[in-house]
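Visitor: Below, each chain spelled out in residue letters.
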Amino acid sequence: MKYIDEFNDPDLAKRLLDDIHATVTQPWALMEVCGGQTHSIIRHGIDQLIPEQIEMIHGPGCPVCVTPLELIDKALEIASRPDVIFCSFGDMLRVPGSGRDLFRVKSQGGDVRVVYSPLDALKLARENPDKEVVFFGIGFETTMPSTALTVLQAEREGIGNFSVFCNHITIVPTIKAILDSPDLHLDGFLGPGHVSMVIGTAPYEFIAHFYNKPLVVAGFEPLDVLQSIWMVLKQIKEGRCEVENQYARIVPEGGNTRALRAVARVYELREFFEWRGLGSIDHSGMKMRAEYVRFDAELKFALPNVKIADPKSCQCGEVLKGVIRPWQCKVFGTACTPERPLGALMVSSEGACAAYYQYGGLKRRRDEVLPVEAGTA
Amino acid sequence: MNIAPFVFQRPRGKVHVPTVTLAHGGGGKAMKDLIDDVFLAAFDNPLLAPLDDQARLDLGALARHGDRLAFSTDSFVVDPIIFPGGDIGKLAVCGTVNDLAVGGAKPLYLSCAVIVEEGVSVDSLRQIARSMATAARAAGVEIVTGDTKVVNKAACDKMFITTAGIGAIRADVNLGAHCTRPGDFVLVSGFLGDHGAAILSARGDLSLEAPIASDCASLHDVVAALLTAAPGIRFIRDPTRGGVATVLNEIAEAAQVSIEIDEGSTPIRDEVRAFCEILGLDPLYLANEGKLVAIVPPEQAQHALEAMQAHPLGQAARLIGRVIAGEPGRVTMRTVFGGSRIVDMLVGEQLPRIC
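Top line first, the protein sequences correspond to chains A and B. FYI, the numbering used here numbers position 131 of the first sequence as 131, with every residue one higher than the one before it. FYI, the numbering used here numbers position 96 of the second sequence as 1096, with every residue one higher than the one before it.
Calculated directly from the structure, the hints in this document are not laboratory data. Backbone N, C-alpha and C fix where the C-beta goes; we use that ideal spot for every residue, glycine too. Don't take every hint at face value.
[To be verified] Partner residues aside, some chain A positions facing chain B, computed with beta carbon under 8 Å: (1) HIS44; (2) GLN48; (3) ARG94; (4) PRO96; (5) VAL114; (6) ILE159; (7) PHE301; (8) GLU339; (9) GLN358; (10) TYR359.
Could you put together the complete structure from these sequences and hints?
Guide: Encoded structure:
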């Protein structure tokens, strides 16, 4: 319990903020990759405390946000079947497909359950042998090992009525796609803490070496975020481009090899994966290996592929790449609200737009120009 | 010569089967036995005893408590029906007592309508009725009229309870959200989010068991103490569903003011905070069933605070914020770092987040 307080200590925060202010000499743009960090930044008002020259660009690391419409529609289709118990993490329930969401499916009689772990879904499968229990597998490397281990457990127990609707995604190709985007200007990254707990820090080395951008693997408490910002700024100022680990209390340099082994055993890379807001990114999605097809809901239910475009007015892609800020989107807070999200980033509380809308966005004006833009223009 | 009036003493019925069946809602002997054995036995009072279609209340006696009636109703559908710190019966009594009390009324009488799913054990129904009776006695109210229905399996979840309540408001008490003025203080009577966290934890489907008990309690005494200590008090509300954040938004909207609360002063138990951190929930939006939010003019804020802290249910009372002129309807929180964020209304219910 004390743990939370230690990472919320106002005195330490003030010292870090002083250090940050002392380090900043010109406008710099940093991207925090993970949605949890976005949430922390806005919820604790960190964006208002750091120097105005520092622009935080909110990255793509909210799996709820970036899951494309056609996959949500498939999930809804599976969840509507009378012989199915559909299990999901809580925040997927409100994510709208092209017509409805899981809440609606539930109200129409679908058996939709919120679980905190895929093992809870496996338990349901054991208890309901006459039903097919489907787990909605989404998330980056953070959640991937737990679904992989659950599949392996199901295999060991010989459970035939359990499957995973696998929409896991992997972060590194996505960061690369963002770095390759021509309209993006970034000076450094806060790396995703929970993902790194699994994959370690080595997969980010290319960012430092080939793209010459510093990256600091960062935690999620306010002090973690502040310290990581300071570490990135210090690298920029000293002309260094390295991968550093602020979150060393959780993230081992080499990652979690057992988790990685389980992931590699069950999953393989898809040729390409369509991201909501970002479009198709090569080798960024995971699917189940041939040995585990009997646990693959995608094959069990054999749903047709229907491509559904994001709404035209939606500018999520530009927000994700930091080209515009959430409040500068044409439909922010008008046609697109957390109540009726048009775009991906308004969907989850970790989406940049929803975070701004809920915790601070109304302060900004749509025409507000930030120092970073003014400086680089 | 005086002839004593003839009073027929109906023998009290008894249920001899272990579970409630549709017969117990059929209007015949089985239903009478259930009402006698479960409800009458627990609630026993002269206004209820005749089991007429209505309780008849003495208007003159009501008028001695005040010059206005307060009348409120609420339905209770909690899952699970028994949880750490209470059960659906206690909740049904405290909930309506609090809805009356926070309007400045002295709670007096309750009704109780129970919808029971067939197959529920008679013992658990007895337990809930006894719990209602205990809570009513503690709140100084009587349950004077009621109704029982039994529905098919799965037509309801074990049992639903609706209570309505009547109270009387003293002539000198006039509370309203619209009375709120810039400069007023915002007080809460204790730790926030206990009930919401306790219920989520007790449901067990998140595989998280936290040692958190519901705060379910009747607040009539705390309100009475507040009204005495701070007669200029503007408004009181019990932050149930939607939590303190929702109540503050409603006040800011009604009074067309801004409210700024201070994160460091907001009392939240360590275990509730940790529970929320793990699930990605915000305790400001979790339900409370034994807490109140009070808006008090600045010169009486200290008296109000001390009056609450002197009561066992208000020991952890805190001053959490102020009403400011600001943008109408806006609620903000000053974070422990000195940043500030908007505390908005919740769109739907809070959902545990993925990671």
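Visitor: Compare the structure with each hint and give your call.
Guide: Hint by hint, here is what the structure shows:
1. Proximity of HIS44/A to chain B holds as hinted, the smallest CB-CB distance being about 5 Å (cut-off 8 Å).
2. The beta carbon of GLN48/A is positioned within 8 Å of a beta carbon in chain B (closest approach about 5 Å), and the interface hint is therefore held.
3. Interface restraint check: ARG94/A against chain B, minimum CB-CB distance 6 Å, threshold 8 Å, status holds.
4. A cut of 8 Å between beta carbons decides the hint on PRO96/A: the least distance to chain B is about 12 Å, and the hint is violated.
5. Taken as an interface hint, VAL114/A checks out: its beta carbon lies about 7 Å from the nearest beta carbon of chain B, inside 8 Å.
6. Annotation: interface hint on ILE159/A violated; nearest CB of chain B at approximately 18 Å, more than 8 Å.
7. Using the Cβ-Cβ criterion of 8 Å, the hint placing PHE301/A at the interface with chain B is not satisfied: the shortest such distance is roughly 22 Å.
8. At about 5 Å, the closest approach between the beta carbon of GLU339/A and any beta carbon in chain B falls short of 8 Å, and the interface hint on this residue holds.
9. About 5 Å separates the beta-carbon of GLN358/A from the nearest beta-carbon of chain B, less than 8 Å, and the hint is met.
10. The restraint placing TYR359/A at the interface with chain B holds, with a minimum CB-CB distance near 4 Å, inside the 8 Å limit.
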